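Turn these sequences into a full structure, and let the hints guide you.
Top line first, the protein sequences correspond to chains A and B. Numbers given in my numbering equal positions in the first sequence, counted from 1, plus 1122. Numbers given in my numbering equal positions in the second sequence, counted from 1, plus 1043.
If you're looking for bench data, these hints aren't it; they were derived computationally from the structure. Quantities reported herein were computed from a predicted structural model and do not represent experimental measurements. Here a beta-carbon is modelled for each residue, glycine too, at the ideal position from N, C-alpha and C. Any given hint could turn out to be false.
Simulated restraints on C-beta separations [to be verified]:
| # | chain 1 | residue 1 | chain 2 | residue 2 | range |
| --- | --- | --- | --- | --- | --- |
| 1 | A | Thr1294 | B | His1571 | 47 to 55 Å |
| 2 | B | Gly1630 | A | Gln1319 | 56 to 64 Å |
| 3 | A | His1246 | B | Gly1630 | 53 to 61 Å |
| 4 | B | Glu1570 | A | Thr1294 | 24 to 32 Å |
| 5 | B | Gln1339 | A | Lys1329 | 50 to 58 Å |
| 6 | A | Ile1197 | B | Arg1600 | 28 to 36 Å |
| 7 | A | Asp1353 | B | Gln1407 | 32 to 40 Å |
| 8 | B | Gly1630 | A | Ile1197 | 52 to 60 Å |
| 9 | A | Glu1161 | B | Val1279 | 28 to 36 Å |
| 10 | B | Asp1362 | A | Glu1161 | 40 to 48 Å |
| 11 | B | Pro1398 | A | Asp1353 | 26 to 34 Å |
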Amino acid sequence: MSDTFSLDGAEVPFEPGQTVMQAALSAGHYIPHLCYHPEFKPHGSCKLCTVKINGRTAASCTMPAEAGLEIESDIDELNDLRRTLVQMLFAEGNHFCPSCEKSGNCVLQALGYDLEVHAAGFRHQFPDRPVDASHPDILLDFNRCVLCELCVHASSEVDGKNVFGFSGRGITKHLIVNSESGKLVDTDIALTDKAMQVCPVGVILPKRVGFSQPIGQRRYDQRPISAQALDDAPRPSTGASHD
Amino acid sequence: MVADASVRMAELDPILGRYARDPGSLLQILREIQELRGCIDPATVTYLGSQLSIPRARIEGVAGFYSFLHLQPHGEYRVLFSDNITDRMLGNQQLLEAMCHQLWLQPGKVSEDGLVSIDMTSCTGMCDQGPAMLVNGRAITRLTLQRVQEIAHLIRNRTPMADWSADFFRVEDNIRRSGPILDNKLAPGEALRNGLNIGGAAIVDEIKKSGLRGRGGAGFPTGLKWEVCRNAAGTVKHVVCNADEGEPGTFKDRVLLTRQADLVFEGMTLCAQAIGAQHGYLYLRGEYRYLLEPLQAVLQRRRDGNLLGKSILGQADFDFDIEIHLGAGAYICGEESALIESLEGERGIPRNRPPFPVTHGYMQQPTAVDNVETFCSAALAIQMGADAFRAIGTEKSSGSKLISVSGDCPRPGIYEYPFGVSVREVLQDCGAVNTRAVQVSGPSGICVAEHEFHRKLGFEDLPTAGAFMVFDDSRDMFEVARNFVQFFAHESCGFCTPCRVGTSMLKQTMNKIADGHGTQYDLREVEHLDHVLQTTSHCGLGRTACNPVLHTLRHFRPAYENRLKSLDFEPGFDLDGALARARQMTGRDDAGAHLKTEEA
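Shown next, in the form of structure tokens:
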């Protein structure tokens, strides 16, 4: 028999080495998240998955599961915090959903709907972030970057290429490309790379496939992210691994 | 051209060779190249990538993280004015303006001839002799208009810094009150011999018995930390001395490293014996670059005296040595796990915990990270014995504490007190009069108002890392808080959403209030941001970034409210003002041509 912790009153079983997020998702419990991806080592930067563990807040994606923990997630206080964090991400970049190719498939947008973010909340920063259209097949639109680091990890850990990285600090932290010109065309990125698939928002896009699927029929148009994320989660019954 | 480029790169080879082309030394390599060249240009980044066999994006990432490293040319002379509130109170902004005016340039921009750039930087740890600046990384103190004009003149004439007056670079210790640490006349090796006599386990016991708690501010029991580290699995262990004294208003570690370097290294070596470590690192903040050579000389003297190196003091199997790593302008590296990342040559991002450094620190090996003053106190506890040490201070705060006093008082400097001294006693000793408030332990600490001056420094009441900034009744506490908020926004590492965005939002809200556009709504917004930062931030920086505002709001609300409009809400931009052009063009100025804002 495996150990369990309590999440919003439900008993959640876990395997040794699992984090709170991994155990919750595989047991069919949704905790909102953005930078967490089941195929990569969690690093806990977006903080949307913040939960209360025995009364103290912590990121659930990096917190090791322990028997007997009392965890609260779906409560007003935490959903309020998550709403503010989503507002911060929207205000930090330049997000124009109606004209974005990723609309309907975008995790940030889906979280906004699901958490019922109805107002901007903050003054928009309108940062100046030129797009990189240098590559013949791939567009980089930095305006939408939420600094989740997934492309950085996918490129180095899966593709073995290190196409992406981060520079700057604080509010000037930004995604960079691994070439002396700073342009994507001078890297070895390919359309088939894992790094092409992991961006939760609309930064890394293949060219010439715009709006091939109509808005209204896209991923999060069908089901809210809270339901979709559970469908996507590796489940013990399917034999998928979390490591 | 190609030949020129390879010649240019060849001059980097001695630096690369000295660090054995080890990517773990990336920050040290970059710092030396910055010193040699004045910037780390794209071609250099590419060359380093090939030499160190790491992606150039990683190098660009590290170089872009630290304030003192530049990816573009930043002038032959890079002038940075220290911008702590104490520097501001001494007129640093006027001096910066005067210097910019004299050299015909704008702050933050490089002059057109590439000669000079002038900007602000976070507190450089010279608050008792400010205003201060750094020129090409060298600290200059006691700035006056005349001194700034002289410096501008030297720069315009391209006078090499080696030929500048030595008086510019003089840093005073300003020891105003000394105690067991500053008076210590320990002969090098004395405490270490005591330690060797009793053995590692007994050192841990003695430190535990002494009640010593970390002097960096958090106050974790030092003996317990060493015990966990001693018992941690692994044969390779490390001792790290945190000399990244970045908390604005703190400068006591600078004085300890100047006056009592042997005591610091003695404490580190005792720790090595206690936990079974072979490698020691002193992480020295970049602002104290001028201390590097003197400290290396002390280390060499200790090696020559067999107090470091192989078989220390003849004890077989006790091999331990210390290297000095320099930081490059990042406050966050004072956080122990960010410091370890920086030691490994990475961006200084705090790690996820658990696991903690005591079991998974430098290179994922057990590591004891302690503050400069903690190591001094540990050496003292072993030298004088736990009971004698414990007799100093209070029950839960044993020993003495160095306080860095700055701000509105005639005798700023270093004061060593037994723990338990009251704020009022310190104020009396430094000669402060008409004091309105004291910021204890820096921006991340506590703002203490007059009715609380009876409170005592110590873990029972007012824990402190040592900063003690005094503000008299001529000071505007709103401006104090605004300076601290700007500091946190500048120093946020950018890893987590709440701190990266929240500190910037907070800065903007404070600027909005300063510009006369603030409302009650903005004060509520500050409280809301505080809640988000406190509950969701990745590390202590974000969790404490709102403290200055909340504390000053609690004690000095009128300083804020005097600036507020009587409205409940005002947007960050002036709607009616935006119509001025339209009014001018249409020649209208009647009531209908104005937007009315409803009074709250």
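Verification of the hints:
no., hint, verdict
1, A:Thr1294 / B:His1571: 47 to 55 Å, "violated, 24 Å"
2, B:Gly1630 / A:Gln1319: 56 to 64 Å, "holds, 59 Å"
3, A:His1246 / B:Gly1630: 53 to 61 Å, "violated, 34 Å"
4, B:Glu1570 / A:Thr1294: 24 to 32 Å, "holds, 27 Å"
5, B:Gln1339 / A:Lys1329: 50 to 58 Å, "holds, 55 Å"
6, A:Ile1197 / B:Arg1600: 28 to 36 Å, "holds, 31 Å"
7, A:Asp1353 / B:Gln1407: 32 to 40 Å, "holds, 36 Å"
8, B:Gly1630 / A:Ile1197: 52 to 60 Å, "holds, 58 Å"
9, A:Glu1161 / B:Val1279: 28 to 36 Å, "holds, 32 Å"
10, B:Asp1362 / A:Glu1161: 40 to 48 Å, "holds, 43 Å"
11, B:Pro1398 / A:Asp1353: 26 to 34 Å, "holds, 33 Å"
Of the numbered hints given earlier, the model fails hints 1, 3; all others are met.
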